[in-house]
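Sequences listed follow chains U and C, in order. Residue numbers for the first sequence follow the working numbering, so the first one is 3 and each next one is one higher. Residue numbers for the second sequence follow the working numbering, so the first one is 3 and each next one is one higher.
Bear in mind the hints are in silico, worked out from the structure with no lab data behind them. Where hints are given, some of them may not hold.
Copies of one chain are not kept apart here, so a pair can be met inside one copy or by any two copies together.
Said to hold, decoys possible - When the alpha-carbon atoms are kept at most 25 Å apart in a straight line, the in silico DMTMM-like pairs for lysine to aspartate or glutamate are as follows:
#, residue 1, residue 2
1, Lys73, Asp216
2, Lys124, Glu49
3, Lys93, Asp114
4, Lys106, Asp210
5, Lys70, Asp155
6, Lys33, Asp216
2 protein chains.
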Amino acid sequence: MQSIEYKRLPKHIGIIPDGNRRWATHNNKDKHEGYQFGINPGVALYEKCLGLGIQELTFYGFTQDNAKRPKVQTQAFQTACVDAVMALTHKDANISVIGNTHSKVFPDELIDFANKRVPFGKGLMNINFLINYGWQWDLEYASSNKNEKHFYDKIASSDISRMDLIIRWGGRRRLSGFLPVQSVYSDFYIVDELWPDYQDDHLYQALDWYQSQDVTLGG
Amino acid sequence: MQSIEYKRLPKHIGIIPDGNRRWATHNNKDKHEGYQFGINPGVALYEKCLGLGIQELTFYGFTQDNAKRPKVQTQAFQTACVDAVMALTHKDANISVIGNTHSKVFPDELIDFANKRVPFGKGLMNINFLINYGWQWDLEYASSNKNEKHFYDKIASSDISRMDLIIRWGGRRRLSGFLPVQSVYSDFYIVDELWPDYQDDHLYQALDWYQSQDVTLGG
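With the hints as extra help, turn the sequences into a complete structure.
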């Protein structure tokens, strides 16, 4: 449970919800069945973050590389991502989906959210989903974008702000291509438990740890 | 001490040698005095990595942002970086310095190493130093580089390969702008001890941990 009043809260938390397939295997299911068990954790996390006053959440949905997995898995995480976005349209969130829409892998159901921000309810939080995202796609976009001065305004994901804290479930300590520009100064917290085993305590542990980190931005 | 034979070794290790100023404060010195105590650890780490068969090392020297620090500190880390490069010219290494040379902050002594690779001794390992590096400088370079097809061949640091493992000393869990492209799939290991307190055991602990990490590259 939440143990302290937070003196220092991240404005923007990036979420890497890893471990769905391993969770399925541990629970005697086929790997692709794990993804559906990652939807409710996302809604629960949103509710807790909203209560705490977090202003922005970004979920790492799936990447162009992920889509090279077996078709049954690809279809399963596409469906799970659509369901997760739809679940959050019933909440108070401004939703944006960032990813390459020029691909059959990008779900039709999310095209109306793509690369714009759609308000729902009271619009109390910005929520971004990366869907058919690729770090090279994101960065290469800058070369053709002559309207902006700063690199971070030129990239495909420029509507997503810098992340203060990244929490990764599933024990792995790597970014796996998650927003290379917005993550340059992010503090990185690892939860060993798999994402479908999400508990609010994981979030509180990450925030407890975040209290003790200072922000220097290289200065 | 080294406890096991490594079945799986990183080809390329990135080093974030953080904590020099904190170490100085803990040891009743002025902050800027800490940097000189970071040179011998770098040489010791090189020796151990060479013995293990590591093919490439990249040291995060200093950034354009770091150069906004008080002048006495800036001069101290410039000097320490020059001394570190020079110490390694007596070893068997191919040395390259990557950074923005169009600035007074870039040390004159390193200009001959800048953005090329200079062989020393038997040339058994590639060693890269980031000197007056900036992640925006690195990525923005791609926009003006029309000769290459892939984004990672266009950036200013394109001669530096993908890092398999990043080890950061000093307890902080963030990249701080360290090679955003080469770090997208890197495993990230944190040593709580400060860099001047380097011990070979830190390296061995990181490599022990690395044994158990799998490489998926998103697949």
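Tested hints:
1. Lys73 to Asp216: Intra 44 Å, inter 22 Å, cutoff 25 Å: inter-copy only.
2. Lys124 to Glu49: This pair counts as within: shortest intra-copy Cα distance 14 Å, inter-copy 59 Å.
3. Lys93 to Asp114: Within one copy, since 17 Å is at most 25 Å while 58 Å is not.
4. Lys106 to Asp210: This pair counts as neither: shortest intra-copy Cα distance 41 Å, inter-copy 41 Å.
5. Lys70 to Asp155: Answer is between: at 23 Å across copies they meet the 25 Å cutoff, but 30 Å inside does not.
6. Lys33 to Asp216: between (39 Å within a copy, 17 Å between copies)
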